[in-house]
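Trainee: Listed below are the residues making up each chain.
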Amino acid sequence: MIEDAEVLVVILVATLRAGTPLVLAALGELIAEKAGVLNLGVEGMMLAGAVAAIIATLGTGSYALGALVGMLAGTAMALLFGVLTLSLRANQVAAGLALTIFGLGLSAFLGLGYRDRPLEGLKALSLSGLSDLPLIGPLLFGHDIFVYLSLVLFAAVTWFLAKTRGGLVLRAVGEAPEAAHALGHRVLAVRYAAVAFGGAMSGLAGAYLTLVYTPMWADQMTAGRGWIALALVVFATWKPWRVLLGAYLFGGVTIAQLHLQAQGVAVSSHILAMLPYVATILVLVVIARDATRIKLNAPAALGKPFDPGR
Amino acid sequence: MKSLRILSAVAALAMIAAPAHAQEPLKIGFVYVSPVGSAGWTYQHELGRQHLEKTLAGKVKTSFVESVPEGADAERVIRRLAQEGNRLIFTTSFGYMDPTNKVARSFPNVVFEHATGYKTAKNVGTYIIKFEEGRYLAGLVAGRMSKTGTAGYVAAFPIPEVIRGINAFTIGMREVNPKAKVRVVWVSSWYDPGKEREAAEALIAQGADVIMQHTDSTAPVQAAEAKNVFAIGYHSDMSKFGPKAHLVASTHDWTDYYVKVVEAVMKGQWKSQAFVGGLKEGMVKMAGWGPMVTGDVKKMVADKETAIKTGKFAPFQGPLKAQDGKLVVPAGKVMPDKEILDMSYYVEGVEGQLPKK
Numbered sequence: 115m116i117e118d119a120e121v122l123v124v125i126l127v128a129t130l131r132a133g134t135p136l137v138l139a140a141l142g143e144l145i146a147e148k149a150g151v152l153n154l155g156v157e158g159m160m161l162a163g164a165v166a167a168i169i170a171t172l173g174t175g176s177y178a179l180g181a182l183v184g185m186l187a188g189t190a191m192a193l194l195f196g197v198l199t200l201s202l203r204a205n206q207v208a209a210g211l212a213l214t215i216f217g218l219g220l221s222a223f224l225g226l227g228y229r230d231r232p233l234e235g236l237k238a239l240s241l242s243g244l245s246d247l248p249l250i251g252p253l254l255f256g257h258d259i260f261v262y263l264s265l266v267l268f269a270a271v272t273w274f275l276a277k278t279r280g281g282l283v284l285r286a287v288g289e290a291p292e293a294a295h296a297l298g299h300r301v302l303a304v305r306y307a308a309v310a311f312g313g314a315m316s317g318l319a320g321a322y323l324t325l326v327y328t329p330m331w332a333d334q335m336t337a338g339r340g341w342i343a344l345a346l347v348v349f350a351t352w353k354p355w356r357v358l359l360g361a362y363l364f365g366g367v368t369i370a371q372l373h374l375q376a377q378g379v380a381v382s383s384h385i386l387a388m389l390p391y392v393a394t395i396l397v398l399v400v401i402a403r404d405a406t407r408i409k410l411n412a413p414a415a416l417g418k419p420f421d422p423g424r
Numbered sequence: 004m005k006s007l008r009i010l011s012a013v014a015a016l017a018m019i020a021a022p023a024h025a026q027e028p029l030k031i032g033f034v035y036v037s038p039v040g041s042a043g044w045t046y047q048h049e050l051g052r053q054h055l056e057k058t059l060a061g062k063v064k065t066s067f068v069e070s071v072p073e074g075a076d077a078e079r080v081i082r083r084l085a086q087e088g089n090r091l092i093f094t095t096s097f098g099y100m101d102p103t104n105k106v107a108r109s110f111p112n113v114v115f116e117h118a119t120g121y122k123t124a125k126n127v128g129t130y131i132i133k134f135e136e137g138r139y140l141a142g143l144v145a146g147r148m149s150k151t152g153t154a155g156y157v158a159a160f161p162i163p164e165v166i167r168g169i170n171a172f173t174i175g176m177r178e179v180n181p182k183a184k185v186r187v188v189w190v191s192s193w194y195d196p197g198k199e200r201e202a203a204e205a206l207i208a209q210g211a212d213v214i215m216q217h218t219d220s221t222a223p224v225q226a227a228e229a230k231n232v233f234a235i236g237y238h239s240d241m242s243k244f245g246p247k248a249h250l251v252a253s254t255h256d257w258t259d260y261y262v263k264v265v266e267a268v269m270k271g272q273w274k275s276q277a278f279v280g281g282l283k284e285g286m287v288k289m290a291g292w293g294p295m296v297t298g299d300v301k302k303m304v305a306d307k308e309t310a311i312k313t314g315k316f317a318p319f320q321g322p323l324k325a326q327d328g329k330l331v332v333p334a335g336k337v338m339p340d341k342e343i344l345d346m347s348y349y350v351e352g353v354e355g356q357l358p359k360k
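Chains as they are written, first to last, in the numbering used here: chain D, 115 to 424; chain P, 4 to 360.
Because the hints were derived from the structure by calculation, they are not lab data. These numbers come from a predicted model, not from an experiment. The C-beta atom is built at its ideal place from N, Cα and C for all residues, glycine as well. Accuracy of the hints is not assured; some may be wrong.
To be verified - Chain P stretches covered by chain D per the calculated footprint, using a threshold of three residues with CB under 8 Å from any CB of chain D:
1. 40-51
2. 92-101
3. 176-188
4. 214-228
What the hints assert, rightly or not - Below, in silico cross-link-like pairs of lysine to aspartate or glutamate (EDC-like), each with a Cα-Cα straight-line distance of 20 Å or less:
5. Lys247(P) to Asp230(D)
6. Lys288(P) to Glu87(P)
7. Lys324(P) to Asp345(P)
8. Lys353(D) to Glu289(D)
9. Lys329(P) to Asp101(P)
10. Lys418(D) to Glu289(D)
11. Lys312(P) to Asp340(P)
12. Lys336(P) to Glu117(D)
13. Lys122(P) to Glu73(P)
14. Lys150(P) to Glu354(P)
15. Lys243(P) to Asp246(D)
16. Lys283(P) to Asp256(P)
17. Lys150(P) to Glu289(D)
18. Lys230(P) to Glu289(D)
19. Lys243(P) to Glu234(D)
20. Lys230(P) to Glu120(D)
21. Lys288(P) to Asp345(P)
22. Lys30(P) to Asp259(P)
23. Lys263(P) to Asp101(P)
24. Lys329(P) to Asp345(P)
25. Lys315(P) to Glu354(P)
26. Lys324(P) to Glu284(P)
27. Lys341(P) to Asp306(P)
28. Lys247(P) to Glu234(D)
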């Protein structure tokens, strides 16, 4: 019994860990999309953040600085995307895909000299007394700092979108940019800020991978997590709490199937590998099955360039 | 992709610079399934390619395309390499088998060498390393070093190549510790550091204190290091990623084979064959011994290595029982190569059921 409970705790802790990069990247993309900008370059921004973070941390020994540099790298990538799609009004889908391809190449190039330099890796918290409590200790106090940070950021994004004037402006810009413009809001400035925030969050998600999750640099180590984050935003119908639910569900089913296998449960590994995708999509579709409400949630001006001079 | 472009640009420049070669260098293309990186399956092939450039400088012109997904994309890449005038193309992953054979039919004058597959044609040869010999030796080490008697195996896909490795490792481990068990987790990917790490942790949570892998990243070794258990590297020496965990690595060395094939093609003596090489041919090597492995363990491994090289011993020799207790190789017999290549069942000592494909 106790052993089962301990394995369950291991699974839950791993679930939070596996879900964290998805939460971070998806929340960032959610803000960008709420402002009407579809940035498909999440994977590329994550990779840029990942490689920049580990280079900074290997150079300085500081994980905080690494995370910051990762965020800056993601932001720089996002601003590049912003110049193309917001100022030059390039097609957002094409520019986003290009950003991913650019990020793949750039990160591989920058990371050339860092591929066989593993990092110690940021350890999980260990609060004397608290983290050692049976079961509850590891569950509440046994995570790394990024896990807590992602939850704080989740709360902040939720609060910002729902309760603040800034959130209202952001949503207005994503729903009806012309109207927002007529009211005197600077549509492009808001969109730039939203895109930059998305980049910073993707960069942080990437930094999590290289500083904590698998503390090393390897080419393309995001392994598609950026695309999963993108899909989560849509399936969560642009609601932060559903993004959180989707990310943990995805992470949880992934982890659970690995543990099932380790215990010798005989299910096709292909079905098990598919399960996280199916389960996450099913649950999010079921809780959002009302088509009109999905339409209501989708930012009306998503993916459409805005020309303030027109 | 980018690497190919840069390489071909460099190659083009080289051609302008030195047009008066007596004999045109042999153009050779490599197709890799993952990024080159600094360790792993693809990296070992890349070492082979670099070795060609060094030892046959001026006589060969090599290029590679990395991260080519298995399937339709591979066919496009292989076809383009053939169209670009490569006269010898190495396709280095199992899933390139059908694309390689398909392209080979349209380019009868190009030689194709496909790693780990089983389909040959007039201009398609296959080559494979008996990595099971390295796996078996690693199993001996694991059997001696494990305290719990349970090893965890992070595996990619349930194909014969991987199953064979699991079995050889299990046979080795149980030779030293007849009660040893091997648990397997399939991650359904050759390369996903995050998932490989989580798989290793799941195995450790189930009592495994030696982690073995058949995937491409160093994440399982790192996971073992973080959890204070042992790990065995695969493809490359991975000791940098787990100095306290890394017992040894079973590594591949393709360099001699590649030189041999290239020289045969140059002399016009190349013939399609299904080449199998192991410890004896110098293609499997144990490397990166950790300081915790004692001399007598190393000696045991060295003795077995000699026995395999001289043909006195084979990992898959009888009496050998399948997981369900059925005798698959009677005492005194050695499993034929064909059966080893097609292996699709677990041997005794592997826990859990083999997933259906």
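Trainee: Hints first: check each against the structure and report whether it holds.
Mentor: Evaluated hints:
1. For the region 40-51 of chain P, the stated coverage by chain D holds: 3 residues have a C-beta nearer than 8 Å to a C-beta of that chain, and at least 3 were required.
2. Only residues whose C-beta sits within less than 8 Å of a C-beta in chain D count toward coverage, and the region 92-101 of chain P has 0 of them, not enough to reach three; the restraint is violated.
3. For the region 176-188 of chain P, the assignment as covered by chain D holds, since 3 residues bring a beta-carbon within under 8 Å of that chain's beta-carbons and 3 suffice.
4. Counting residues of the region 214-228 of chain P whose CB lies closer than 8 Å to any CB of chain D gives 4, which reaches the minimum of 3, so the coverage claim holds.
5. Using a Cα cut-off of 20 Å, the hinted pair lysine 247(P) and aspartate 230(D) holds, with the two alpha carbons roughly 17 Å apart.
6. Taken as a hint, the lysine 288(P) and glutamate 87(P) pair is broken in the structure, with Cα atoms around 35 Å apart against an allowance of 20 Å.
7. Between lysine 324(P) and aspartate 345(P), the direct Cα distance comes to roughly 16 Å. Compliance with the 20 Å bound is thereby established for this hinted pair.
8. For the hint pairing lysine 353(D) with glutamate 289(D), the CA-to-CA distance comes to about 15 Å; that is within 20 Å, so the pair holds.
9. Between lysine 329(P) and aspartate 101(P), the direct Cα distance comes to roughly 34 Å. Violation of the 20 Å bound is thereby established for this hinted pair.
10. At roughly 10 Å between alpha-carbon atoms, lysine 418(D) and glutamate 289(D) fall within 20 Å of each other, so this suggested pair holds.
11. Restraint check for lysine 312(P) and aspartate 340(P): the C-alpha separation of about 16 Å stays at or below 20 Å, so the hint holds.
12. A C-alpha spacing of about 44 Å is found between lysine 336(P) and glutamate 117(D), which places the hinted pair above 20 Å, so the restraint is violated.
13. Taken as a hint, the lysine 122(P) and glutamate 73(P) pair is honoured in the structure, with Cα atoms around 16 Å apart against an allowance of 20 Å.
14. Only pairs whose Cα atoms come within 20 Å are accepted, and lysine 150(P) paired with glutamate 354(P) is accepted, the gap being roughly 18 Å.
15. Between the alpha carbons of lysine 243(P) and aspartate 246(D) the distance comes to roughly 31 Å, so the proposed pair goes past 20 Å and is violated.
16. With a C-alpha separation of about 12 Å, the suggested pairing of lysine 283(P) with aspartate 256(P) holds against the 20 Å cut-off.
17. Distance hint between lysine 150(P) and glutamate 289(D) is unfulfilled; the C-alpha atoms sit about 62 Å from each other, more than 20 Å.
18. Restraint check for lysine 230(P) and glutamate 289(D): not satisfied, since their Cα atoms lie roughly 49 Å apart, outside the 20 Å limit.
19. Among the hinted pairs, lysine 243(P) with glutamate 234(D) is consistent with the structure: their alpha-carbon atoms are about 11 Å apart, no more than 20 Å.
20. Under the criterion of a C-alpha separation no larger than 20 Å, the hint pairing lysine 230(P) with glutamate 120(D) is consistent with the structure, at around 15 Å.
21. About 24 Å separates the Cα atoms of lysine 288(P) and aspartate 345(P), which puts this hinted pair outside 20 Å; it is violated.
22. Between lysine 30(P) and aspartate 259(P), the direct Cα distance comes to roughly 18 Å. Compliance with the 20 Å bound is thereby established for this hinted pair.
23. For the given pair, lysine 263(P) sits about 25 Å from aspartate 101(P) by alpha-carbon distance, which is inconsistent with the 20 Å threshold.
24. Our distance criterion of 20 Å between C-alpha atoms is met by lysine 329(P) and aspartate 345(P), whose separation comes to about 17 Å.
25. For the proposed pair lysine 315(P) and glutamate 354(P), the alpha carbon gap of about 29 Å is over 20 Å, so the pair is violated.
26. For a cut-off of 20 Å, the pair hint linking lysine 324(P) to glutamate 284(P) is broken: about 28 Å separates their Cα positions.
27. A hinted pair counts as satisfied when its Cα atoms are at most 20 Å apart, and lysine 341(P) with aspartate 306(P) does not qualify at roughly 27 Å.
28. Taken as a hint, the lysine 247(P) and glutamate 234(D) pair is honoured in the structure, with Cα atoms around 12 Å apart against an allowance of 20 Å.
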